[in-house]
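Chemist: Chains as they are written, first to last, in UniProt numbering: chain U, 1 to 280; chain F, 1 to 280.
No lab work stands behind these hints: they were computed from the structure.
For clarity, every value in this text was computed on a predicted model and none was experimentally measured.
Please note that the accuracy of each hint is not assured.
Claimed, not checked - What follows is a set of in silico ranges between Cβ atoms, one per label pair, in the way DEER data are often shown:
#1 R221/U <-> R201/F: 18 to 24 Å
#2 G145/F <-> P217/U: 21 to 27 Å
#3 N98/F <-> E256/U: 50 to 56 Å
#4 G233/F <-> A249/U: 47 to 53 Å
All C-beta atoms, glycine included, are put in the ideal place defined by N, C-alpha and C.
2 protein chains.
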Amino acid sequence: MAQPTSHNAYLPGYAANQIQHHEWRTAENSAAYLLPSLKDLSTTNPIPTLLDVGAGSGTISASLAKYLPQGGQVLATDLSPEILERARSHATQAGVTNIRFQQASVYALPFADASFDVVHASMVLCHLDAPVQALAEMLRVAKPGGLVADRESDLRMWSYHPQLPGIDKSLKLLRATHEAAGGSVDGGARLVSWAMKAGARREQITASFGTWCYSTPEERRVWGGTLVERVRGGGMRQKALEMGTATEADLDEMAEAWEQWIGTEDACLGCLHGEILIRK
Amino acid sequence: MAQPTSHNAYLPGYAANQIQHHEWRTAENSAAYLLPSLKDLSTTNPIPTLLDVGAGSGTISASLAKYLPQGGQVLATDLSPEILERARSHATQAGVTNIRFQQASVYALPFADASFDVVHASMVLCHLDAPVQALAEMLRVAKPGGLVADRESDLRMWSYHPQLPGIDKSLKLLRATHEAAGGSVDGGARLVSWAMKAGARREQITASFGTWCYSTPEERRVWGGTLVERVRGGGMRQKALEMGTATEADLDEMAEAWEQWIGTEDACLGCLHGEILIRK
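Starting from the given sequences, assemble the full structure and let the hints guide the process.
Modeler: This is the structure we're talking about:
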């Protein structure tokens, strides 16, 4: 499946700490809004199919597979064959057998119309320069009566303590870099709008908001570690220096602020994500 | 129970639309983080007691009462006897019988140490000029092994669509008015910190974040209606004009923006709230 070259690539990449955060994600902490519908589906359909689009390292996909009945199948797709290899290993290690993997672009899913009972994505559309086109493609491959489920960040909505200037700077940089790469910082707020532009009627859409919370020492290490790595040596540092949006000294200040945050016992950070379920 | 006069009063007040939003609140949409613990408690304790502090019109209190076993009791307190009368009527109408009401200040709860299995508050501490003192008082009246549960807004974290300048202005005004009245705009982010300052150890605290979502026509009417009323004729308009933080024309623009938002089919708004459970 060729990548449409007119579209943007996935900027954050797959550095060690970025992967560590990706792999922290589960159905429970990242797709809880979908679980009641999956449970309902499993009582009426013994062989449901779920397509997970832009699945990355696949921890949410494998976690979702556990909510399907024995005959249910997850198909996890991503543009990157390398990350799908990692996803495959994760599923094997987790003992999840009702899952398959296939390289695909969300803009040109290699499936017939009305192929899947559930089509799911998490933090995919917010990275794309044509999110409505991607959502329309997800709707296309969902069966009539099936569900399209999507969750996207609002990157402006990070509630944290303590208020360190270096953290604030790093969030501004993150948003600027994200937008420069073609993504939307406010995707979470625009999901209903995107869904309607992609062809859904308002009454087919159920909107909600979800969160991530980082507060325990382990959670702070996972989340703060991702940010430290991105500003110390990852793609965000390189991009910021190229674009001139931050100096070496700025980036070092950001990394130090995150390290301080990781070590602060009463530190806390919450992120707000928009969520939609579209009943096709 | 006398109100300590050194402390601030509850600014938003009880205008019709403010009440309408207050009464939209239930255990499910405003205290979901507490419900698994309440269910656990109900299996081990046939007569649990829950103190709901700053209960206002009491819809969350009455809703929580349904999660207790038959012998369980909710005691709902508020500084305002008038609003407690309304709470009492609501409970009667809802057929909730295991609930009582008592006027009290959160700063001087008229109860012995270790009186309640659960002490709960929702959007109370963020209005107070001494939130740590209030939280310490809530901890005092919780039984050892019991729970203190609290949820507070981060008023900076409103994710919405469409981006109308009048809405943005009204949120800035809301935050300024809230702070001028002695409240904290970032309470949701500071809950772990407040809890530790109030005497809790980090390992006693479980932090999470929750949300409110307004997206359907009915949800938009409830939430947007509150804001329209507050800027058209409520205490916020009066305060803004007194403080000189907005003109009549500004306030009218804000009201019109919210009216436009209410009528926008793909409009959406999410709020982010911090949550803590403290196991005493």
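Chemist: If you check each hint against the structure, which ones fail?
Modeler: As far as the earlier hints go, not one is violated by this structure.
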